[in-house]
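Just so you know, the protein sequences line up as chains A and B, in that order. Per the numbering used here, the first sequence starts with residue 7, numbered consecutively. Per the numbering used here, the second sequence starts with residue 450, numbered consecutively.
Watch out, some of these pointers could steer you wrong.
Below, simulated DSS-like cross-link-like pairs (lysine-lysine); rule was C-alpha separation at most 27 Å, straight line [claimed, not checked]:
id: 1; chain 1: B; residue 1: Lys734; chain 2: A; residue 2: Lys124
id: 2; chain 1: A; residue 1: Lys234; chain 2: A; residue 2: Lys124
id: 3; chain 1: B; residue 1: Lys734; chain 2: A; residue 2: Lys250
id: 4; chain 1: B; residue 1: Lys625; chain 2: B; residue 2: Lys734
id: 5; chain 1: A; residue 1: Lys234; chain 2: A; residue 2: Lys250
id: 6; chain 1: B; residue 1: Lys734; chain 2: A; residue 2: Lys234
DEER-style ranges, computed between Cβ atoms [unchecked claim]:
id: 7; chain 1: B; residue 1: Leu718; chain 2: A; residue 2: Gly153; range: 29 to 37 Å
id: 8; chain 1: A; residue 1: Leu97; chain 2: B; residue 2: Ala732; range: 27 to 35 Å
id: 9; chain 1: A; residue 1: Ala25; chain 2: B; residue 2: Gly635; range: 14 to 22 Å
id: 10; chain 1: A; residue 1: Asp209; chain 2: B; residue 2: Leu647; range: 35 to 43 Å
id: 11; chain 1: B; residue 1: Arg501; chain 2: A; residue 2: Thr227; range: 55 to 63 Å
Going by beta-carbon spacing under 7 Å, a handful of chain B positions derived as facing chain A [what the hints assert, rightly or not]:
id: 12; residue: Ala551
id: 13; residue: Leu609
id: 14; residue: Thr729
Everything labelled a hint here was simulated from the structure, so no lab data went into it. Just so it is clear, CB atoms sit at the ideal spot from N, CA and C, and this is done for glycine as well.
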Amino acid sequence: MTTDADRPAATRAPADEGARLGFRLTLPAQVLVLFISAFPLLMQLYISLTDWSPLTGSPWPRAWEYWNGFANYLDLVSDGRLWRSIWRTLLVVAVAVPIEFLLGLGLAMLFVDDFPGKRVAYSILIAPMMVVPAVAGYMFFMLFQSGGPVNGLLSLFTAEPVALAWLSNPSTALVAVIVADIWQWTPLMFLILLAGLVGVPQDQLRAAALLGASPAQRLVTIVIPRMKTIMLIALALRVIECIKIFDTLFIMTGGGPGDATQTLSVYIYDITTQDLIWGYVAAIALAILVVLSAGAVWAMRRMAR
Amino acid sequence: MRRSLAFECFRYVAILVALVITLVPILWMVSMAFKPFSEWQATGDALTWIPRDPTLDNFRFLFGQSGSDLIVALDRTAGKPILASLLSASIGTLIAMSAGTAAAYGLSRYGSGANLPLALIQLRLFPPMAVMIPVMIMWAFLGLMDTWWGLALIYGIVTLPFAFWLMKTFFDDMPKEIEEAALVEGCSRWRVLTRVTLPMMAAPLAAASLFVFILNWSDYLVALLLTTRDWVTIPVYMASLSSSMTGQLYGAKAALGLIAAVPPVVLGLMIQRHLVRGLTFGALKQ
Numbered sequence: 007m008t009t010d011a012d013r014p015a016a017t018r019a020p021a022d023e024g025a026r027l028g029f030r031l032t033l034p035a036q037v038l039v040l041f042i043s044a045f046p047l048l049m050q051l052y053i054s055l056t057d058w059s060p061l062t063g064s065p066w067p068r069a070w071e072y073w074n075g076f077a078n079y080l081d082l083v084s085d086g087r088l089w090r091s092i093w094r095t096l097l098v099v100a101v102a103v104p105i106e107f108l109l110g111l112g113l114a115m116l117f118v119d120d121f122p123g124k125r126v127a128y129s130i131l132i133a134p135m136m137v138v139p140a141v142a143g144y145m146f147f148m149l150f151q152s153g154g155p156v157n158g159l160l161s162l163f164t165a166e167p168v169a170l171a172w173l174s175n176p177s178t179a180l181v182a183v184i185v186a187d188i189w190q191w192t193p194l195m196f197l198i199l200l201a202g203l204v205g206v207p208q209d210q211l212r213a214a215a216l217l218g219a220s221p222a223q224r225l226v227t228i229v230i231p232r233m234k235t236i237m238l239i240a241l242a243l244r245v246i247e248c249i250k251i252f253d254t255l256f257i258m259t260g261g262g263p264g265d266a267t268q269t270l271s272v273y274i275y276d277i278t279t280q281d282l283i284w285g286y287v288a289a290i291a292l293a294i295l296v297v298l299s300a301g302a303v304w305a306m307r308r309m310a311r
Numbered sequence: 450m451r452r453s454l455a456f457e458c459f460r461y462v463a464i465l466v467a468l469v470i471t472l473v474p475i476l477w478m479v480s481m482a483f484k485p486f487s488e489w490q491a492t493g494d495a496l497t498w499i500p501r502d503p504t505l506d507n508f509r510f511l512f513g514q515s516g517s518d519l520i521v522a523l524d525r526t527a528g529k530p531i532l533a534s535l536l537s538a539s540i541g542t543l544i545a546m547s548a549g550t551a552a553a554y555g556l557s558r559y560g561s562g563a564n565l566p567l568a569l570i571q572l573r574l575f576p577p578m579a580v581m582i583p584v585m586i587m588w589a590f591l592g593l594m595d596t597w598w599g600l601a602l603i604y605g606i607v608t609l610p611f612a613f614w615l616m617k618t619f620f621d622d623m624p625k626e627i628e629e630a631a632l633v634e635g636c637s638r639w640r641v642l643t644r645v646t647l648p649m650m651a652a653p654l655a656a657a658s659l660f661v662f663i664l665n666w667s668d669y670l671v672a673l674l675l676t677t678r679d680w681v682t683i684p685v686y687m688a689s690l691s692s693s694m695t696g697q698l699y700g701a702k703a704a705l706g707l708i709a710a711v712p713p714v715v716l717g718l719m720i721q722r723h724l725v726r727g728l729t730f731g732a733l734k735q
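Please construct the entire structure, taking both the sequences and the accompanying hints into account.
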């Protein structure tokens, strides 16, 4: 960065002009990022050290009147509802994302070479991820009604008509929520993995086939090594989004019955809007930000290797 | 590569199954949207896949016209929520695209704002739920609660990472020679950007804008927390559509769901080619 001073003035001037323009162009984005990160984080940290809530009647800057040190952070360690919601979220991620990945990969492999009707089939298959998630939630809300089409279809295979109340039964509500997530987001895996598969050199595959490699061998020795980064990107994207799961789920079950589908986002939503214990919510939110940041840094280090 | 007949059969069957599973939930909603009140709750053997008596009553009902066999009336019609969604999503897109495009260009050509790529990825990583308390406090303080412009501002920030990353990869892909030639000709840097670069980027700009618009249009959680009555968006309004007399207003909700679902699906199919790039923050191109 010391080279500027060494350069003759004539060439330095345009470079400076460029740097100035660059600075001005990036300024709005920088301001927006700062506006949504720095100030809210400090505010959150401050509130998290207090017992303040909007019900106290004092404005938030005077939250110090309700100072309680690190009590909120100690509380969250022993908050059973919080931990159950975290495990539930991880369970959804652990079940839904691998299924989405395998289905997406399987479908993508069927789409590598051309066949009649490919474009139409492709367009239809990627449609679910463009449906507004709340609307997708409502679709599955209707499908899983006890008199709805899912039971109607199941009844075709059973002697007695099925009248399972999927969404109000604690043991099936989470299944229904996961099915909806898989329906909506398998297309994303399919789309990304197909883009990666198309990039695998076909002549290598052909040569391997001629030499007698089975499809499974070709997959393991040629396709997967070449696709490793893309697979990681697809998985990382879905894990990140799935941890946040809210819209579809909230429309389908509202987190219920009881707390059977109360994931982390739903739990925070509930204590934000019903319990209104904002000091405590702020502590949970900050803890999540710290854990997720650490997780992201760790993941990036691993990926860089 | 020549494939066996068995493989071709398997392929068609598998794709057919996937297509059916993809389409059934969508078609059920479409069907429900055109069902008269009497068929909403039909169950068991009476389950109707295709409305026996197709009607537009559900759409009429949403916009406040009676004439259906539904006795209840809405205290608010769907018009305002649709307007709220349109306004907040499009102005939010405008904010994200302006700030994002400018920053992407600044970084791509002049190396300014080197912190932005990572900062914006981080912004995307965090669950919105985890920053909503300060946002709600700030929005209340700034008088932005329950307004479409308040929503537009937060949408602009939430989708800024996508706008920035998409435009950055488009600028990185664009050959610099033309701009350099214009500079040598004596064009100012600003004029190069507005008269040379941006017109050349019209198609990518349009694709990125549509992509960002879809994301903004799809929001539910943020609007749920930041709007209460006057400017609720379609998803929030939809969730509130139920009445003590009829319970869930299945048909009306389905009709509204259809109205909400059509624009993003149509726009999304228009920008198919760019979807992978957009969704992976430009890491992957198709």
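Subject >> Pairwise hint evaluation, Lys250 (chain A) against Lys234 (chain A), where the allowed Cα distance is 27 Å at most >> reply: Measuring from Cα to Cα gives roughly 25 Å; hence the hint holds.
Original post:
Holds or violated: 55 to 63 Å for the Cβ distance of Arg501 (chain B) and Thr227 (chain A)?
Top reply: holds, 56 Å
**OP:** Measure nothing beyond the straight line between the CA atoms of Lys734 (chain B) and Lys124 (chain A); if it is 27 Å or shorter, mark the hint as holding.
**Re:** holds, 20 Å
Subject >> Hint check, Ala551 (chain B) versus chain A [nearest Cβ-Cβ separation less than 7 Å] >> reply: holds, 4 Å
Original post:
Regarding the pair Lys734 (chain B) and Lys234 (chain A), is the alpha-carbon distance no greater than 27 Å?
Top reply: Answer holds: Lys734 (chain B) to Lys234 (chain A) is near 16 Å, not above 27 Å.
Original post:
Can the hint on Thr729 (chain B) be confirmed by a CB-to-CB distance to chain A that is less than 7 Å?
Top reply: holds, 6 Å
Original post:
Are the Cα positions of Lys234 (chain A) and Lys124 (chain A) separated by 27 Å at most?
Top reply: Distance of about 26 Å is within 27 Å: holds.
Original post:
Given the hint that Lys734 (chain B) pairs with Lys250 (chain A), does the C-alpha gap stay at or below 27 Å?
Top reply: Measuring from Cα to Cα gives roughly 26 Å; hence the hint holds.
Original post:
Should the hint that Asp209 (chain A) and Leu647 (chain B) are 35 to 43 Å apart at their CB atoms be regarded as holding?
Top reply: Holds - the Cβ-Cβ distance for Asp209 (chain A) and Leu647 (chain B), about 40 Å, lies within 35 to 43 Å.
Subject >> Agreement of Lys625 (chain B) and Lys734 (chain B) with the hint, judged by alpha carbon distance not exceeding 27 Å >> reply: With Cα atoms ~20 Å apart, Lys625 (chain B) and Lys734 (chain B) stay inside 27 Å; holds.
Original post:
Close enough to count: is the Cβ of Leu609 (chain B) nearer than 7 Å to one in chain A?
Top reply: holds, 6 Å
Original post:
Taking the beta carbons of Leu718 (chain B) and Gly153 (chain A), is their distance inside 29 to 37 Å?
Top reply: holds, 33 Å
Violated hints are absent here; each numbered hint is respected by the structure.
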